[in-house]
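The task is simple: from the sequences and hints, build the whole structure.
In order, the protein sequence lines correspond to chains A and B.
Just so you know, we're using full-length UniProt numbering here: the first sequence kicks off at 1 and counts up by one.
Just so you know, we're using full-length UniProt numbering here: the second sequence kicks off at 1 and counts up by one.
Just so you know, the hints here were simulated from the structure itself, not pulled from any lab data.
One or more of the hints may lead you astray.
It does not matter which identical chain is meant; a pair holds if it fits inside one copy or across any two.
Said to hold, decoys possible - Dumping the calculated BS3-like pairs for lysine-lysine here, alpha-carbon to alpha-carbon at most 27 Å:
hint, residue 1, residue 2
1, LYS495, LYS100
2, LYS535, LYS100
3, LYS535, LYS457
4, LYS307, LYS478
5, LYS237, LYS151
The model shown is predicted, which means the values in this text are computed figures rather than measured ones.
The residues making up each chain are set out below.
2 protein chains.
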Amino acid sequence: MSRSAAEQPAVMTIAGTDSSGGAGIQADLKTFTAHLCYGASVHVALTAQNTTGVQAVHAPPPEFIEQQLRSVLDDVDIKAMKTGMLFDAKSIRAVVRILKLYYSDRGRSVPFLVCDPVCVSTSGHTLLQADAVEVMIKELFPLTYLLTPNKSEAELLLSQHDLQASIESLEDMLRAADDLLKLGPQAILLKGGHLTVSMRDVERITLSNPELRVVRSILFEENMEILQVAEPDPASKEIVVDVLRAPSGTTLFARPRVNSTSTHGTGCTLSAALVCNLARGMTVEDATREATMYIHLGIETAVPIGKGYGPLNHMHSLTVRSVPRATASNPHPFTRLLIQGTAGIWKEYVEHQFVKQLAQGTLPRECFIHFIKQDYLYLRYYARAYALLAAKSSTFPSIKSATDTIINVITEVETHKAFCAQWGITEAELLATPESPATTAYGAYLLDVGLQGDTSKLIMACAACLLGYGEVGLWLKKEAARPHSWVVTEGNAYKQWMDDYGGEHYQNAVRVGIETIEAMAQADPPSPVRFEEWKGIWERCTRLEKGFWDMAINLA
Amino acid sequence: MSRSAAEQPAVMTIAGTDSSGGAGIQADLKTFTAHLCYGASVHVALTAQNTTGVQAVHAPPPEFIEQQLRSVLDDVDIKAMKTGMLFDAKSIRAVVRILKLYYSDRGRSVPFLVCDPVCVSTSGHTLLQADAVEVMIKELFPLTYLLTPNKSEAELLLSQHDLQASIESLEDMLRAADDLLKLGPQAILLKGGHLTVSMRDVERITLSNPELRVVRSILFEENMEILQVAEPDPASKEIVVDVLRAPSGTTLFARPRVNSTSTHGTGCTLSAALVCNLARGMTVEDATREATMYIHLGIETAVPIGKGYGPLNHMHSLTVRSVPRATASNPHPFTRLLIQGTAGIWKEYVEHQFVKQLAQGTLPRECFIHFIKQDYLYLRYYARAYALLAAKSSTFPSIKSATDTIINVITEVETHKAFCAQWGITEAELLATPESPATTAYGAYLLDVGLQGDTSKLIMACAACLLGYGEVGLWLKKEAARPHSWVVTEGNAYKQWMDDYGGEHYQNAVRVGIETIEAMAQADPPSPVRFEEWKGIWERCTRLEKGFWDMAINLA
Numbered sequence: 001m002s003r004s005a006a007e008q009p010a011v012m013t014i015a016g017t018d019s020s021g022g023a024g025i026q027a028d029l030k031t032f033t034a035h036l037c038y039g040a041s042v043h044v045a046l047t048a049q050n051t052t053g054v055q056a057v058h059a060p061p062p063e064f065i066e067q068q069l070r071s072v073l074d075d076v077d078i079k080a081m082k083t084g085m086l087f088d089a090k091s092i093r094a095v096v097r098i099l100k101l102y103y104s105d106r107g108r109s110v111p112f113l114v115c116d117p118v119c120v121s122t123s124g125h126t127l128l129q130a131d132a133v134e135v136m137i138k139e140l141f142p143l144t145y146l147l148t149p150n151k152s153e154a155e156l157l158l159s160q161h162d163l164q165a166s167i168e169s170l171e172d173m174l175r176a177a178d179d180l181l182k183l184g185p186q187a188i189l190l191k192g193g194h195l196t197v198s199m200r201d202v203e204r205i206t207l208s209n210p211e212l213r214v215v216r217s218i219l220f221e222e223n224m225e226i227l228q229v230a231e232p233d234p235a236s237k238e239i240v241v242d243v244l245r246a247p248s249g250t251t252l253f254a255r256p257r258v259n260s261t262s263t264h265g266t267g268c269t270l271s272a273a274l275v276c277n278l279a280r281g282m283t284v285e286d287a288t289r290e291a292t293m294y295i296h297l298g299i300e301t302a303v304p305i306g307k308g309y310g311p312l313n314h315m316h317s318l319t320v321r322s323v324p325r326a327t328a329s330n331p332h333p334f335t336r337l338l339i340q341g342t343a344g345i346w347k348e349y350v351e352h353q354f355v356k357q358l359a360q361g362t363l364p365r366e367c368f369i370h371f372i373k374q375d376y377l378y379l380r381y382y383a384r385a386y387a388l389l390a391a392k393s394s395t396f397p398s399i400k401s402a403t404d405t406i407i408n409v410i411t412e413v414e415t416h417k418a419f420c421a422q423w424g425i426t427e428a429e430l431l432a433t434p435e436s437p438a439t440t441a442y443g444a445y446l447l448d449v450g451l452q453g454d455t456s457k458l459i460m461a462c463a464a465c466l467l468g469y470g471e472v473g474l475w476l477k478k479e480a481a482r483p484h485s486w487v488v489t490e491g492n493a494y495k496q497w498m499d500d501y502g503g504e505h506y507q508n509a510v511r512v513g514i515e516t517i518e519a520m521a522q523a524d525p526p527s528p529v530r531f532e533e534w535k536g537i538w539e540r541c542t543r544l545e546k547g548f549w550d551m552a553i554n555l556a
Numbered sequence: 001m002s003r004s005a006a007e008q009p010a011v012m013t014i015a016g017t018d019s020s021g022g023a024g025i026q027a028d029l030k031t032f033t034a035h036l037c038y039g040a041s042v043h044v045a046l047t048a049q050n051t052t053g054v055q056a057v058h059a060p061p062p063e064f065i066e067q068q069l070r071s072v073l074d075d076v077d078i079k080a081m082k083t084g085m086l087f088d089a090k091s092i093r094a095v096v097r098i099l100k101l102y103y104s105d106r107g108r109s110v111p112f113l114v115c116d117p118v119c120v121s122t123s124g125h126t127l128l129q130a131d132a133v134e135v136m137i138k139e140l141f142p143l144t145y146l147l148t149p150n151k152s153e154a155e156l157l158l159s160q161h162d163l164q165a166s167i168e169s170l171e172d173m174l175r176a177a178d179d180l181l182k183l184g185p186q187a188i189l190l191k192g193g194h195l196t197v198s199m200r201d202v203e204r205i206t207l208s209n210p211e212l213r214v215v216r217s218i219l220f221e222e223n224m225e226i227l228q229v230a231e232p233d234p235a236s237k238e239i240v241v242d243v244l245r246a247p248s249g250t251t252l253f254a255r256p257r258v259n260s261t262s263t264h265g266t267g268c269t270l271s272a273a274l275v276c277n278l279a280r281g282m283t284v285e286d287a288t289r290e291a292t293m294y295i296h297l298g299i300e301t302a303v304p305i306g307k308g309y310g311p312l313n314h315m316h317s318l319t320v321r322s323v324p325r326a327t328a329s330n331p332h333p334f335t336r337l338l339i340q341g342t343a344g345i346w347k348e349y350v351e352h353q354f355v356k357q358l359a360q361g362t363l364p365r366e367c368f369i370h371f372i373k374q375d376y377l378y379l380r381y382y383a384r385a386y387a388l389l390a391a392k393s394s395t396f397p398s399i400k401s402a403t404d405t406i407i408n409v410i411t412e413v414e415t416h417k418a419f420c421a422q423w424g425i426t427e428a429e430l431l432a433t434p435e436s437p438a439t440t441a442y443g444a445y446l447l448d449v450g451l452q453g454d455t456s457k458l459i460m461a462c463a464a465c466l467l468g469y470g471e472v473g474l475w476l477k478k479e480a481a482r483p484h485s486w487v488v489t490e491g492n493a494y495k496q497w498m499d500d501y502g503g504e505h506y507q508n509a510v511r512v513g514i515e516t517i518e519a520m521a522q523a524d525p526p527s528p529v530r531f532e533e534w535k536g537i538w539e540r541c542t543r544l545e546k547g548f549w550d551m552a553i554n555l556a
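Below is the structure:
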């Protein structure tokens, strides 16, 4: 399968519109999008419609329907498709003609065609002319993989062929599904939303038909006593049962009945969801279980829209990413969001007076000495934080990565001691230095986050230090390279410090750090709550970093 | 704002279709859905179209366009709308007539109308007849909040009014945006995708126009040196600049240029995204920044579809929920998924031989004694796990909740000791009992998860014990209530144990436990990776619980 087909299989609807957006092609495209499928659509008819009824219908000529189908099929690799409102016999013939031309005539079978035999709108408007029903049965059903009638549509189709039509019980549904199968489709999903049944009925029918499979969604599932809501007589509770008659056998899909007026477009949405699930390679049973739950939750989570029967909620299964996908032009979206989201305090940190004075060579010697002494004490916390990270890690690579950082810090401490010696500070003096509150605050916060959170939080806590010094190093390097720069490099006692943080060695560590947090955010896209937690830790540490340099400047 | 308007503001597109799904109304509906807005659509024209070109156009009569608009506006509270392909003068007049009737004539202004003045398709097909341009300017522009022309559309509109038309530089864009504003819209977003410019041009124009604001998306943002990809001459890199001329001033929106053929439907998608952002109450500047980034990422993450200029990816910002929303019929979706996802091992746990023999009164006395001794040792780990949870908690209610559980366990241990005494086990014997490997494995695993993970993982680790014993208690209670039950209550030495776990006190704790993990999954919807981590811990603990009863049966 190509990348596009695996990520976003292309599907198509051949149907009518609903201007108000709850049913028809609009519902199909919304459902396709909610299933992350790529949707194409062929317009057989337009309706001026809303939640109170259908006000007008306009149908383009059959030739134009044919041309739309050709345009799609010439260009897009359709994995599954559906038909909805087909309006009249001419339109059906146009659709069948093109499907045969592109598939049957070329020796291929039509990819999963779900036929929703829409005949009458909920509000009673005729959406399929009388003479068209027989054309649909004769010409379209043989190409159909799955037919999805409701009670009245099934009754209409059966009566057309003088089969016993009336459907009033589960037994009637089983018989009707069997009979509908004789009309040509490979499988039948007879929808039971217009029938009132209970689990008692399901138990009765499975007793006399032991080969029946039953899928109970949110209903009396095994070993879930703790989730059953106490009811006086659960077996008589009203439920909805759909019957799937497939070559692999017959399955009843039972779920609780929802009392709701938000049912506009339920049939369109169900068949569109089935198309997406089939396009992804699900079995017809799995596709049905998932699609029926999708509409069930769509009805139950609907928000009120319109004055009549409102649409179901097509978007209940979606969340919007807090961190965009990484792309070539934006390879580090998470770090970018962190910096953007804390721009003020981040600027105060990386363009701190301490840094500016240091770069100009005007930083008082005692401030720098205070800083490097406290930095020594801070590094001990920092090493311990990575030791805690190693202890919290669950793979050898992540244990090694954290351990490498500890080793790096220990090596850095040796360099640090040599550096301090140049400034006249002995090791004994370093060890005897009392810890400033700013150092304790920052160091203890790292370990507290490490105790409280998972590895991701601890990684976030350690990031502000690593990335901030990297930013300072690069900024000073860039500024120093400008003509007549304010950065003093000749005879600046702090030049080595600047060179270290702007240098390749440290910048490599920064790159690894950025890749680590980006990989984390892409692999486990954070919810808004989790994103705020991560950003909160980043911001706290940015503030503590600023506080560290405040401390150095103020000799606090 | 009503619940629906806040959660899913209703928006409308008045435009033409693209059967292949990448542009037009299809792109609009996909964009609306990706922005979690409720979309309605009025079809002005249908096209048979694909990524290689437009093959045919069909337009319904103006009266039918009017009726579609009436159907929507009579029923749905539209917060913002857009126009796309309007095809001809008659259609435009029909749209304007209805908008005036429903808004201007009633003394209300049209809610945020974004007019995308589509004239010619990318492939060169005329989508707006020549005489219609003037009608659009004269009649539709006065109702327009934001006009979004590209270079050629702007040139066409300006030449129509004998204004200087040619747009070849940023300076031309500023002048053109000013001139277009005179044609009636309240704001102009002049799109720069067809112009080649660089940051050097932006710097030049901001020098001579210091009042200009510049929004740089993924470009040279301040204090982000660590994210700049090294380039020989970044200032001359090709970028895209859109110019927004609004009452509040002029803003340039700069972003990297993406070399891609996946640009079919970019204009439609941009205006649809603007509509959603305006409907949510964003300023026009914020709406533009977000919408331009949406199409930028849409182009960059596009998957190949069709043979020509493929569509952008409308779904890059979406993820599908791992745990469904909680609803009235399914108040505990997370717990349900956990049990469903580990059904086999869960059943082996809650219907364990130990439990069955206990319920029948046939469990050997030494097995039960071994069990309650080890249970005593396990409870010590369990109390410590909650102590760790308290230490990891960040609010007083969560600290209290964990502490309450410790107290409950300590109280339970007293009862446990009394219970053991009834079975002839002294406290000294309890303390001297060597710990079985199954006890150590389970207890130490709890503390290990507690060390490794955040509070959510520790809560998951403690859930299998709480919920499993609850399930056993309810199951045995239900089975005992059946006529001729296999559960023996009369003279069963283990009756009290069954009564305890089926009783109100313990079941209350189970309910609180379920609510806790459900609230956790709803507040911080887990990514697929995180969901699998949670489920993995649940499964491990289920297995360890089963191992605990194996140990009791085998006296291991």
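Tested hints:
In the homo-oligomer, the alpha carbons of LYS495 and LYS100 never lie at most 27 Å apart, since the shortest distance is 78 Å inside one protomer and 70 Å across protomers. Taking the shortest alpha-carbon separations for LYS535 and LYS100, neither the intra-copy value of 57 Å nor the inter-copy value of 47 Å comes in at or below 27 Å. Within a single copy, LYS535 and LYS457 get their C-alpha atoms as close as 10 Å, and across copies as close as 21 Å, so both meet the 27 Å cut-off. With identical chains, the CA atoms of LYS307 and LYS478 are never at most 27 Å apart, being 63 Å at best within one copy and 46 Å at best between copies.
Taking the shortest alpha-carbon separations for LYS237 and LYS151, only the intra-copy value of 21 Å comes in at or below 27 Å, while the best inter-copy value is 63 Å.
Taken one by one, the earlier hints fail for this structure at numbers 1, 2, 4, listed in ascending order.
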